[in-house]
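Enquirer: On the provided structure of chain A, position chain B as indicated by the hints.
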Amino acid sequence: MLATLPAAEPETTQLLEVRGLSKSFRGLRALDGYALDLRPLTIHGVIGPNGAGKTTLFHILSGFLRPTSGTIYFAGQNITGSPAYRVARLGIGRTFQNIRLFGELSVLDNVKVAMQRQWPPSLVATLLSTPGFRRRERELEAAALELLERVGLARRRDQLARNLAYGDQRRLEIARAVGTRPRLLLLDEPSAGMNPSETQELLALIRRLRDDLGITIVLVAHDIPLVMNLCDRIQVLNYGKLIAEGHPAAVRANPDVIAAYLGQARRA
Amino acid sequence: MTTTRIGLRQRLGPAREFLRGHQSLSITFGMAIAAVVLPLIVLIPPFNGFGTQKDFVGGFADAGVFVLLAIGLNVVVGLAGLLDLGYAAFFAIGAYTMAYGASGYSGLDTPFWIMIVVGAFVAAVFGLLLGAPTLRLRGDYLAIVTLGFGEIVPLVFLNADTYTNGTNGITGIAQPSLYGLAGINGFGFTNPWPYYITVLLIITIATMLVYRLQDSRLGRAWVALREDELAAASMGINTVSTKLLAFAIGASTAGLAGVFYSAKLASITPQQFEFQVSFTALAMVVLGGMGNTWGVILGAFIVYEIQSQGLHQLDAFAKSLHAPPISLGPITLDLSTINFINYQYLLFGLALVLMMLLRPEGLFPSRRRREELHEAAAEVEATAADAVSQT
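Respectively, the protein sequence lines represent chains A and B.
Counting in our numbering, the first sequence runs from 10 upward without gaps.
Counting in our numbering, the second sequence runs from 700 upward without gaps.
Bound conformation, chain A alone:
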């Protein structure tokens, strides 16, 4: 079911085009003139010291915050200022820096919530519990289980999400985002709090999402080795401004980037 993602079609345009994106909070410029051209099937990293505006950027891209100025085009469509649920329906999935699962729902139900838009029953069919409704519920369950299988959480299907181990919660959050069938997935600090072996598994998982499911990925991370390893392109934000952009190796050698990180290290 997941193999039929639309991203497989030949794509000449950019998947995401961001121009002049700025966000001010009472005079504080959290993001200033951010731009991005994102080609389909890339893994794109955004790094930067604390408070550089990475999470603000994600909140704007996913529709939780309105930008002060600038435009966002997703697959040729202007989504600037669209509400979060509509952005999600258009095909931008996301995870959160501080995990936001539905704690009182089971692992399986968490994924079902994400996937259920693909099996829409009407209210009347639900109330009458028609055979069509029950069939769709079964299909949904099968699809949800398949997805859990893919991320290695099928065994935990009936556990409450909040009782999962930390690494499993991160994986479930990714599975849930993937369940909305995104063409673009925004991962906010996916490796935060993970040990090295969990991080390696995560790396493989993210690559599989791109290679097997055709999902384009933008990720924000502190973990520089992870980003260097994984990403095709990297942008560096500092105080809301882009200070560097390019291939990982080039960015690593950029003196501005080194200054930004060393400067932070000196302050710390």
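One or more hints might be untrue.
What the hints assert, rightly or not - So the derived label-pair ranges between C-beta atoms look like this: (1) A/233 / B/832: 47 to 55 Å; (2) A/210 / B/900: 38 to 46 Å; (3) A/154 / B/1015: 41 to 49 Å; (4) B/1050 / A/60: 43 to 51 Å; (5) B/739 / A/143: 16 to 24 Å.
Hints listed in this document are in silico derivations from the structure and should not be mistaken for laboratory results.
None of these values were measured; they are calculated from a predicted model.
The beta carbon of each residue, even a glycine, is placed where N, CA and C say it ideally should be.
Expert: Same frame as chain A, now just chain B:
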């Protein structure tokens, strides 16, 4: 020990599986058993001293109204996590809809069975009207707005006396009728049985529908919203319309209850729909176990019976003890003069505080909570078994 547990589970498996697959059947079954067993309570001491079977059955029919209120409020508060402190407003709207649709006051005589649908619909519309501008509010703010709405609605019914007859209320509300079917015409005032059966039927259907919603896309969306609104939005859930649906469905259940209530009482006044009703319904939901429909039904029944029967009997019991007054300095405690009914909201409050301290999940917590405990136990067992097999 493990083997016997597995054996038992395997033997019970098919029956449980069958009931799980036929939820509506098991609900009908449960309600039918309750319908037969409840009136037999009167045979058991000390209940046989409290009144005749008719008294009991009539009381159960009244309890049914509150059970319905609790079922509906549980959708709003327990499932969708929207704190509604003015739920009685929709109850009032349903009751007055019935009073207009079928009474000497309005001159209309619409059959009760049609008014049930009309009342639920009108209440749902008001649910949408209140919800549309306010559901963007969260938590405490929503609670305050609904509290206001709950105050406003009875006041409107009180003061719009050209239309509602003010304080005197509307009398002569038509009774349900089966039009000669099974020998029953008007349900009348003397025989509580038709009311009892009717309310049980309504409760059964409402319970079925709520369970179906709960296990559907909408029910999962409600719980997702309750758990984390931002995350729910990022799943493509339209938070506003999902909340509105919870509000409307909750309101329609209260409307249903209102129609039945005014048809049974035959007269209603605005004073019957004041804050105490909203509060009592909320206490029932919390005590029963938020989110669990069966728990909430039981909670509502128990709370109602304590309120209407238990406290009276406690009064009588305290008097019958002939305990000598105890002097505590300036206060004299004399059991025989305490009127427990006057203290009912104090007792409610105490019960709620104790509940939050000792058993915050309610008397009958939802299946999910129980599954969690069960899972935890299974997990411990599994790791223990692993450890044993490895050595």
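Enquirer: All the hints need checking, so say for each whether the structure fits it.
Expert: Now for the hints, and whether the structure bears them out:
Residue 233 of chain A and residue 832 of chain B have their C-beta atoms about 48 Å apart, which keeps the hinted 47 to 55 Å range intact. As the Cβ distance of residue 210 of chain A to residue 900 of chain B is approximately 55 Å, the hint placing it in 38 to 46 Å is violated. Distance hint for residue 154 of chain A and residue 1015 of chain B: a CB-CB separation of about 59 Å, inconsistent with the stated range 41 to 49 Å. Restraint check, residue 1050 of chain B to residue 60 of chain A: a C-beta distance of roughly 49 Å satisfies the suggested window 43 to 51 Å.
Hint check: residue 739 of chain B to residue 143 of chain A, Cβ distance near 37 Å, so the stated range 16 to 24 Å is violated.
The structure fails to meet hints 2, 3 and 5 from the earlier list, while all remaining hints are met.
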